[in-house]
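A.B. asks: Build out the structure end to end from the sequences listed, making use of the hints.
Here the protein sequences come in this chain order: G, W and B. According to my numbering, the stretch in the first sequence is residues 2 to 198, in order. According to my numbering, the stretch in the second sequence is residues 2 to 198, in order. According to my numbering, the stretch in the third sequence is residues 2 to 198, in order.
Think of the hints as simulated: they come from the structure by calculation, not from any bench. Watch out, some of these pointers could steer you wrong.
Taking lysine-lysine and the DSS-like style, the derived pairs with C-alpha atoms no more than 27 Å apart in a straight line are [claimed, not checked]:
(1) B:K168 to W:K88
(2) B:K168 to G:K168
(3) W:K72 to W:K168
Far from chain B, by Cβ distances over 10 Å, these chain G residues were calculated [as the list claims (entries may be wrong)]:
(4) R86
(5) L97
(6) A143
(7) I157
(8) P196
Cβ atoms here follow ideal geometry from the backbone N, Cα and C, with glycine treated the same way.
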Amino acid sequence: MPLSRPRTKLHPTALIHPLGENQDELEPPRSPSKISAGCERCRRPSAPSPKRMENKVFMSFAFYSTILILKMYVVAIITGQVRLRKKAFANPEDALRNGGLQYYREDPDVERCRRAHRNDMENIFPFLFLGAIYSLLDPSPAVARIHFFIFCVGRIVHTIAYLLRLKAPTRSVAYSVAQLPCFSMALQILLATTPYW
Amino acid sequence: MPLSRPRTKLHPTALIHPLGENQDELEPPRSPSKISAGCERCRRPSAPSPKRMENKVFMSFAFYSTILILKMYVVAIITGQVRLRKKAFANPEDALRNGGLQYYREDPDVERCRRAHRNDMENIFPFLFLGAIYSLLDPSPAVARIHFFIFCVGRIVHTIAYLLRLKAPTRSVAYSVAQLPCFSMALQILLATTPYW
Amino acid sequence: MPLSRPRTKLHPTALIHPLGENQDELEPPRSPSKISAGCERCRRPSAPSPKRMENKVFMSFAFYSTILILKMYVVAIITGQVRLRKKAFANPEDALRNGGLQYYREDPDVERCRRAHRNDMENIFPFLFLGAIYSLLDPSPAVARIHFFIFCVGRIVHTIAYLLRLKAPTRSVAYSVAQLPCFSMALQILLATTPYW
Chain G
2 MPLSRPRTKL
12 HPTALIHPLG
22 ENQDELEPPR
32 SPSKISAGCE
42 RCRRPSAPSP
52 KRMENKVFMS
62 FAFYSTILIL
72 KMYVVAIITG
82 QVRLRKKAFA
92 NPEDALRNGG
102 LQYYREDPDV
112 ERCRRAHRND
122 MENIFPFLFL
132 GAIYSLLDPS
142 PAVARIHFFI
152 FCVGRIVHTI
162 AYLLRLKAPT
172 RSVAYSVAQL
182 PCFSMALQIL
192 LATTPYW
Chain W
2 MPLSRPRTKL
12 HPTALIHPLG
22 ENQDELEPPR
32 SPSKISAGCE
42 RCRRPSAPSP
52 KRMENKVFMS
62 FAFYSTILIL
72 KMYVVAIITG
82 QVRLRKKAFA
92 NPEDALRNGG
102 LQYYREDPDV
112 ERCRRAHRND
122 MENIFPFLFL
132 GAIYSLLDPS
142 PAVARIHFFI
152 FCVGRIVHTI
162 AYLLRLKAPT
172 RSVAYSVAQL
182 PCFSMALQIL
192 LATTPYW
Chain B
2 MPLSRPRTKL
12 HPTALIHPLG
22 ENQDELEPPR
32 SPSKISAGCE
42 RCRRPSAPSP
52 KRMENKVFMS
62 FAFYSTILIL
72 KMYVVAIITG
82 QVRLRKKAFA
92 NPEDALRNGG
102 LQYYREDPDV
112 ERCRRAHRND
122 MENIFPFLFL
132 GAIYSLLDPS
142 PAVARIHFFI
152 FCVGRIVHTI
162 AYLLRLKAPT
172 RSVAYSVAQL
182 PCFSMALQIL
192 LATTPYW
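C.D. replies: Structural data, given as structure tokens:
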């Protein structure tokens, strides 16, 4: 594999081992009797591979993505708690179980939680896709991690600013900052895939 | 590949063959004239691989995920049918085509369908991500299938409970049960990827 | 790899190189001293692989998907612009920063943008999943591209019809046309994965 390979090409081991680090595991097991000694050596390289670094990009992406999904689950749990505390239920059957039909109503605090959750869906779900494809484009691990980190922090600040009603424009700034790595990743994906449209 | 490999490492063939089962297909075709006989044999192993089992995890995940996406499409179709039956349209142009502007209005049954659909987005879309990453972590096929099955059944019961207004807390119990495999998968992904944050 | 392989089997290089095209990159680098000349040749095939074509399916999918995600970002930006122009903000803190609490209100144009965005989430996000799995099922590149192209054009027309209030049933026809490749891909995934449920 030439070192001069353009960055927009897929790093193959990034996909073969997006979550692993042992290059030794690349090959499937074979029945030893079928393998000549020469092939055995070339198929089970014991030298550390310089490509191990790149696999970390997908690992890093999976880490930040899962943190953000858990963050969304927390917003869902908070929404449920606010519904119980403010006695504002979305369905008559829920209200009946919690005091009566008069609690089948909207509440501004509940709506706020729902807006935060919806904004997460509008922005975190696309990141899950863009980040996965971008991780396969052999990006620099340091640059990729910066992308993921900025998005993750931006979205956590966005949720805090939303739920705690922080003064504008805190929330919109957090939203805009988090969009920067998304646009960057989308652009890099387009650059790599446009020849194949 | 040693059997003592920790579970948090990626099973390589799980990613190389997430949807296939023929280890024979691992290598790309080469022009025969370039290959020595010894290499030919080691590259085209005919012995069954013990790793075939693991590939089924991703197949199983793809099956349950697609079922749930089709379930969401059904909710969308039901929403459209309820809109036509109750004559409650979200847009003036739709109302005009279906009897007049007075039908540009909200309806509790339509809103119920929309809430069910939105709840699906909030929970099924994260599962599509968590399940895919989890499938690459070399989980036990039996345990993985239990994760997917519980989530799938939980979400189907959730939709039925929502649309048929089943008595509380049927719907919330279905929601909570479906979240258990999601939290389990998220935890396992974090355990595997935290070193790479 | 026999040419008679059923279509429902994964094309291995489609996953190993979903975004790349150089079969030469399949193998990880090894220390040269460990490799016999015969193995070197069989591991670095220089002949063009007939499988390169298939990798383009995933590239093509990534291209159309990213276009659609950018389209969704455009809808989000339009929503923000309409909020500023019509002075209709979803949060009191936003209204306070833009003229006063009286602008914390709903607006039909803003709601229209939000419905368009929500419909995108309901339909484009499932496509991101179905298209990725479908791309790994070794579909015909031409047929796959037709799937992606129809969906992409359908969703762009849907957004234009929504935001410009085109006469019904333009929008619903665009929605229905875009669903056809999704149902087709879902069906093909189920056919391939049902044995592994």
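A.B. asks: Hint by hint, say whether it matches the structure.
C.D. replies: Verification of the hints:
1. B:K168 to W:K88: 18 Å, holds
2. B:K168 to G:K168: 41 Å, violated
3. W:K72 to W:K168: Answer holds: K72 (chain W) to K168 (chain W) is near 22 Å, not above 27 Å.
4. R86: About 20 Å separates R86 (chain G) from the closest Cβ of chain B, which puts it past 10 Å; holds.
5. L97: 28 Å, holds
6. A143: For A143 (chain G), whose nearest Cβ neighbour in chain B is about 20 Å away, the distance exceeds 10 Å, so it holds.
7. I157: Its Cβ never comes within 10 Å of chain B, the nearest being 18 Å, so this holds.
8. P196: Violated, because the least Cβ-Cβ distance between P196 (chain G) and chain B comes to about 8 Å, which does not exceed 10 Å.
Of the numbered hints given earlier, the model fails hints 2 and 8; all others are met.
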